[in-house]
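Residues per chain, in single letters:
2 protein chains.
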Amino acid sequence: MALVVQKYGGSSLESADRIKRVAERIVATRKAGNDVVVVCSAMGDTTDELLDLAEEVNPVPPEREMDMLLTAGERISNALVAMAISAQGAEAWSFTGSQAGVVTTSVHGNARIIDVTPSRVTEALEQGYIALVAGFQGVAQDTKDITTLGRGGSDTTAVALAAALNADVCEIYSDVDGVYTADPRIVPDARKLDTVPYEEMLELAASGSKILHLRSVEYARRYGVPIRVRSSYSDKPGTTVTGSIEEIPVEQALITGVAHDRSEAKITITGVPDHAGAAGRIFRAVADAEIDIDMVLQNISNTAGRTDITFTLSKANGPKAVSELERLKDDLDFSAVLYDDHVGKVSLVGAGMRSHPGVTASFCEALSKAGVNIEIINTSEIRISVLIRDAQLDDAVRAIHDAFELGGDEEAVVYAGSGR
Amino acid sequence: MALVVQKYGGSSLESADRIKRVAERIVATRKAGNDVVVVCSAMGDTTDELLDLAEEVNPVPPEREMDMLLTAGERISNALVAMAISAQGAEAWSFTGSQAGVVTTSVHGNARIIDVTPSRVTEALEQGYIALVAGFQGVAQDTKDITTLGRGGSDTTAVALAAALNADVCEIYSDVDGVYTADPRIVPDARKLDTVPYEEMLELAASGSKILHLRSVEYARRYGVPIRVRSSYSDKPGTTVTGSIEEIPVEQALITGVAHDRSEAKITITGVPDHAGAAGRIFRAVADAEIDIDMVLQNISNTAGRTDITFTLSKANGPKAVSELERLKDDLDFSAVLYDDHVGKVSLVGAGMRSHPGVTASFCEALSKAGVNIEIINTSEIRISVLIRDAQLDDAVRAIHDAFELGGDEEAVVYAGSGR
Chain D
1 MALVVQKYGG SSLESADRIK RVAERIVATR KAGNDVVVVC SAMGDTTDEL LDLAEEVNPV
61 PPEREMDMLL TAGERISNAL VAMAISAQGA EAWSFTGSQA GVVTTSVHGN ARIIDVTPSR
121 VTEALEQGYI ALVAGFQGVA QDTKDITTLG RGGSDTTAVA LAAALNADVC EIYSDVDGVY
181 TADPRIVPDA RKLDTVPYEE MLELAASGSK ILHLRSVEYA RRYGVPIRVR SSYSDKPGTT
241 VTGSIEEIPV EQALITGVAH DRSEAKITIT GVPDHAGAAG RIFRAVADAE IDIDMVLQNI
301 SNTAGRTDIT FTLSKANGPK AVSELERLKD DLDFSAVLYD DHVGKVSLVG AGMRSHPGVT
361 ASFCEALSKA GVNIEIINTS EIRISVLIRD AQLDDAVRAI HDAFELGGDE EAVVYAGSGR
Chain U
1 MALVVQKYGG SSLESADRIK RVAERIVATR KAGNDVVVVC SAMGDTTDEL LDLAEEVNPV
61 PPEREMDMLL TAGERISNAL VAMAISAQGA EAWSFTGSQA GVVTTSVHGN ARIIDVTPSR
121 VTEALEQGYI ALVAGFQGVA QDTKDITTLG RGGSDTTAVA LAAALNADVC EIYSDVDGVY
181 TADPRIVPDA RKLDTVPYEE MLELAASGSK ILHLRSVEYA RRYGVPIRVR SSYSDKPGTT
241 VTGSIEEIPV EQALITGVAH DRSEAKITIT GVPDHAGAAG RIFRAVADAE IDIDMVLQNI
301 SNTAGRTDIT FTLSKANGPK AVSELERLKD DLDFSAVLYD DHVGKVSLVG AGMRSHPGVT
361 ASFCEALSKA GVNIEIINTS EIRISVLIRD AQLDDAVRAI HDAFELGGDE EAVVYAGSGR
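Here the protein sequences line up with chains D and U, keeping their order. For the first sequence, the UniProt record's numbering begins at 1 and goes up steadily by one. For the second sequence, the UniProt record's numbering begins at 1 and goes up steadily by one.
Among these hints, one or two may not hold up.
Identical copies go unnamed one by one, so any copy, or any two together, can satisfy a pair.
Unchecked claim - Taking lysine-lysine pairs in the DSS-like style, the calculated list, with each CA pair at most 30 Å apart, reads:
| no. | residue 1 | residue 2 |
| --- | --- | --- |
| 1 | K210 | K320 |
| 2 | K192 | K329 |
| 3 | K315 | K329 |
| 4 | K20 | K369 |
The hints are simulated quantities; they were obtained by calculation from the structure and are not laboratory data.
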């Protein structure tokens, strides 16, 4: 008998009918002899509807109240799933994040989990109940206010619960049936992976793969929780994220997959005087505006003692970052702030590249042959990323996928839905 | 400076626009220098929509989960009102019933308040915030599960908070602008009352008046909380429910108003053998089925040593009560169970009838003149109620209202809406 944590996203719960299907799966898992804990996101459109209502009464709603409002969504879905389970012959209790012992920082809208003490969940399991826990929420340690966890919050709730309960697996359900060697909608012969080590999944998530959120993968890696990515529309086993690349014998290390990202923009500050402190001032200004940045590049200064600093960030934050940086212009004496939101990022991920020195060369050659120009290169031990024109992204993904022979024989199965 | 508790019902909150109007009133009350605590019901149709969703996944949903589900409604409305208040320049925090210290029994769907310890509300007021508290809910003292309070739950939450906070007044807002001498939709010259003592309001509520729930009036009476019934659509002062009939000098005691009730049915068990225990068995059977009963009549037995027992109950419970009683037929050896759901109840309420002996006579004469036949009479110290044919209810109400000269000169103002 195992302890299984399952997480269902909003699209898996978008109607009474889908809720009943999900309940069937949960009851089947329980009847197979497992202890089952389920984390549900809010139903399909609920969160958006609540956001619309909020906007009607206040265009800039206070964050504490936004968290009180949005958490109603998960309360509703978890109670309904518990009811559906009860209609199908098993017993279930639903809990809010607070009741389940999810304790967080007090940053409304983007709280971090400090600790999980799920005694009411454990008690429910001991009494033979299935426990439903509202995802995406917790209670602030200091203020005792209700908080929401920001992006990937429900996945993180599920993994954190699995860690605290010492679960055997954390299954993340959506409308995709696993992690693929590339997005199957772009690459028809993309292959579903059976397993992926944590570090590679981290790189894939950071490089644009939307299957799992970076945060939940990092949490799983730190606590050794195996994650299984499965579809709520089929019984396929999915992809298991587990293990470290350190455990893979060097000769067996592989190239795992290709990720792409259309959501970034590029900012270059040109002619930055090459003296200590300039880069610090630039990045502090961006950080103070609460903007996250991704790739950073600075090359050597030219003969005039000036250099260019380039970084990428999400397009949504582009205009704000530009205006913050413009304000520094006179003070720092740089030439200009250039903004480019037609870039795309494509990445190759695999532990194998540590032991195969020709990978970078093959990568660049494949792009060149496909007529794709590389504008920026950024690498880690197990990842190569390049910035290119976004219009060429699909070609680039296919070229690299072919060059590294990642494709399989079966046609990839693509379900309706946008991939969450 | 006063401490004011305000309660807004679902129809006052049915849209973003209504929510903004309500927020205006709350902010105005605060800006006049008062401490303000607000209890909101769920928005208009929310509770019904949630009930429909529940029914789709389980026709007989577990009660614990129903409470988890329904309480989402009040969470949403209170958070939205807090946001609307913030948009209008005041500060507000919303709290669940649990966070506000509303501790209850663990009877899901019909919990009773055991205690209210509103320390977080007091703290909010001390910091200058307006406190919103979700109505209709609390937390069970023993299980720590979330509970809902049953009918009149939001009114009861508001009065209980007012009592715990020692508030100066508890204002109950709906779409009617006060307590009238009779339903203005039936009696055009019905007069709005300025004040009504607690005992009379209790009788009016028990006799069919839907303005306030019996429970909340009793709570207010016990703790001496003045209740003001007002409309959320106007600035009229409304009706204040306060004081005891004992404080009214005997000569000034009046007849206050006429209430009517279409929601009851009548059951008569005929030919009950007149021996000890028969009535007890009958009423125990009904009580065990968790059915509340209203008026009870048993007259002296006939020469054959048999009598009829009659009682009234809500129509919704009629069929169930009949079937429970039919099962006793052979055992108790009564003749038949007669069921009549075309009855109406009309009541005259007023402390004055204690000191004016002709009231019962005038009451019966007025009905007789209007051609209304009295089937059953039931009285208390300050109330006369009769059961008549429901088709004659409107005529009966008008006849009594005229006979006791309760009407005023102004035409009663009736707002759109069904009276809550």
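Now the hints, each set against the structure:
no., hint, verdict
1, K210 <-> K320, "within (25 Å within a copy, 55 Å between copies)"
2, K192 <-> K329, "neither (49 Å within a copy, 70 Å between copies)"
3, K315 <-> K329, "within (22 Å within a copy, 78 Å between copies)"
4, K20 <-> K369, "neither (50 Å within a copy, 61 Å between copies)"
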